[in-house]
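Novice: Keeping the supplied structure of chain A fixed, place chain B upon it in accordance with the hints.
Heads up: the sequence lines are chains A and B, in that order.
Heads up: the first sequence begins at 1 in this note's numbering, then just goes up one per residue.
Heads up: the second sequence begins at 1 in this note's numbering, then just goes up one per residue.
One or more of the hints may lead you astray.
Subject to a maximum C-alpha distance of 25 angstroms in a straight line, what follows is the list of computed SDA-like cross-link-like pairs (lysine to any residue) [what the hints assert, rightly or not]: (1) A:Lys67 - A:Asn52; (2) B:Lys9 - A:Asn66; (3) B:Lys9 - A:Leu45; (4) A:Lys70 - A:Glu5; (5) A:Lys67 - A:Glu38; (6) B:Lys41 - B:Lys71; (7) B:Lys19 - B:Ala72; (8) A:Lys70 - A:Asp26; (9) B:Lys40 - A:Tyr98; (10) A:Lys56 - A:Thr23; (11) B:Lys40 - A:Pro39; (12) A:Lys67 - A:Gly93; (13) A:Lys36 - B:Pro95; (14) B:Lys40 - A:Glu38; (15) B:Lys71 - A:Leu45; (16) A:Lys104 - B:Ala72; (17) A:Lys104 - B:Pro107; (18) A:Lys36 - B:Tyr104; (19) A:Lys104 - A:Met55.
To give an idea of the interface, some chain B residues facing chain A are shown, with a C-beta separation under 7 angstroms as derived from the structure [to be verified]: (20) Ser39; (21) Lys41; (22) Pro95.
The set of hints was computed from the structure by calculation and includes no laboratory data.
Glycine included, each C-beta is placed from N, C-alpha and C at the ideal position.
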Amino acid sequence: GEDVEQSLFLSVREGDSSVINCTYTDSSSTYLYWYKQEPGAGLQLLTYIFSNMDMKQDQRLTVLLNKKDKHLSLRIADTQTGDSAIYFCALRGSNSGYALNFGKGTSLLVTP
Amino acid sequence: DTAVSQTPKYLVTQMGNDKSIKCEQNLGHDTMYWYKQDSKKFLKIMFSYNNKELIINETVPNRFSPKSPDKAHLNLHINSLELGDSAVYFCASRPHEGSTDTQYFGPGTRLTVL
Chain A
1 GEDVEQSLFL SVREGDSSVI NCTYTDSSST YLYWYKQEPG AGLQLLTYIF SNMDMKQDQR
61 LTVLLNKKDK HLSLRIADTQ TGDSAIYFCA LRGSNSGYAL NFGKGTSLLV TP
Chain B
1 DTAVSQTPKY LVTQMGNDKS IKCEQNLGHD TMYWYKQDSK KFLKIMFSYN NKELIINETV
61 PNRFSPKSPD KAHLNLHINS LELGDSAVYF CASRPHEGST DTQYFGPGTR LTVL
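Next up, chain B with everything else stripped away, as it sits in the complex:
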């Protein structure tokens, strides 16, 4: 009955590889997000995705590409991984505008690039 789930929970990979992180929400929410938490615990938005409209944070390298096959899923694909990509990535979802405006977070995916 997990509301927002992410897979995998841990991901260890080599520099230069391409990897994906999956996110699914069963809350029926319209908007989904990807956040990055760095080693200093600083959380920053990467992408927002609302009903097939993607809003990109301009500071995110284009090696990162979100993909949403349907409203319940927002996956994050990362090309040519770099050491600085090591972080915890959180997916979140939010209900439609007009309802209680709270975001629900997944458990996070800890990515380690060697």
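So here's chain A without its partners, still in its complex pose:
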């Protein structure tokens, strides 16, 4: 987790866009992921991006990757109260059987 950094909290109003940021140190990671965890629940894969891509869009989700700055972001358009959860940035490691290296998670609170 110390190699993957995220801000801990983000609060937005319903209908606004949310941007969750992640910085990392391991430039060899070829797959970068965003997972969502609702209270008391497991981890849900939201989306992922290959390291040779700059952007990926999937409905309300947009992932931007800046490899030069080692910065990954997740934008959620038209944020809804149901989007309130913890969002984890994760990178596929180059060892340990390609286990994921997670950030500490960003708690997103969407207020009406």
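Specialist: For chain B alone, kept in the frame of chain A given last:
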């Protein structure tokens, strides 16, 4: 039709006991993992298991031992439980190299050691 399942969902036990958590995946994946999520929600890999090859995270105490009876199962056995073992344990699986490299997580097992 659950892809990755874990049992039990909740486990409450006393210090010093030995317990096991079971994980099964019906996805035909080759690689399985155990992750630990602590009280601050920090997720960290414990073990990776690929076709009978176990890759151990060196920070995991040897009281923790994964056991894989077959490719679809990876169980976690914990000896002499300690208070600090209280956490949520997630099992995950991943398809073979060359396919879409995404990991699928189980629902988690919340372990509470008293």
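Novice: Check each numbered hint against the structure and report the violated ones by number, ascending.
Specialist: 2, 5, 6, 16, 20, 22
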